[in-house]
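Each residue of the sequence shown is one higher than the one before, starting from 1 at the first, in the UniProt record's numbering.
If you are wondering where the hints come from, they were derived from the structure by calculation, not from laboratory data. Do not rely on the hints blindly, as some may be mistaken.
What the hints assert, rightly or not - Label pairs and their calculated CB-CB ranges:
(1) Glu53 / Arg194: 33 to 41 Å
(2) Glu72 / Val140: 38 to 46 Å
(3) Asp285 / Gly166: 22 to 30 Å
(4) Thr55 / Glu198: 18 to 26 Å
(5) Cys284 / Arg220: 21 to 29 Å
(6) Arg69 / Glu48: 39 to 47 Å
Ideal Cβ positions, reconstructed from N, Cα and C, are used throughout, including at glycine.
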Amino acid sequence: MHVVFDGDEAIYVGNTTKQPLRDRLRQHLTGNRGSSALHKHVGRWLDERLGREATTVEIADWLGACEVRWRETDDPEGLKDALLQRLRPRFNRQLSGHAGPHSTVPRGTGHWIYPVNERGPQWGEDRSVWEYFTTAEGVVDWRLGSGYHQIAPGDRIWAYATEPIGRLVAGGVIWDAPYQQADGDKPQWRVPIRWDHELTRFLLADEQAVPGVPAMSVRRVRGMREEEVERLTDALDGRRALEPQGLPEGRRRRLAEITARQGQPDFRRRLLEAYGGRCAITGCDTEAAL
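Full structure from sequences and hints, please.
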């Protein structure tokens, strides 16, 4: 584990991993924006201070004036969490990278992926992932195994089904800061989430709604990479009303059933428009019967 200091201020806490200290120090002094999260954040911060894009040499010079301290540990994650909570280093709090480290920590700018099993037991014996995410009312608390010191209210969170098909199945908003809940001898981290029903329906209706996201494996809650956020934004900005001809018969039937159960007038109106005023199953065009 290593901690970077700018004078008396701890500005970053990071994992040294198994890399030799000499190699890690060389990377710290000569790396570019792609070398580490710290280089990336320092680069953006210097961009704002200089009014232009900082060079690799300028980033290295600034970091070279900082002090780096190391500590060996058998519990790197535990030590890192403790240091983050106690020191609150400014560059670890940079979620979006758009605000300078001396600015207010950006709220609602992060994107997180939460892995779930689409056929897991948490949905209940008679309840599928469809029913859960499209009927969950209000704010629900979900367990957090990681990310609890970085996740902020207003951030977007995306449920990613790892089984049976890797795909995004729901989108929501972090409603409040993560908190600890007593659970025997070991407290459990939880986070309040409000799931977006309309967005979730869109994701569930098409297995390829957001191709290329995630771009790497998801084993626990983690922040989305920049390229993942860009692909996600492109897919959602360019989406249109569902085309009935493009949906398999079973999926059209399932979507119609869920829409009927929800009974949301606005969604029903837009769905009727998307299907040309006709029932996707029977072809009936009598609005009162739809």
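Looking at the structure, which of the earlier hints fail to hold? 3, 4, 5, 6
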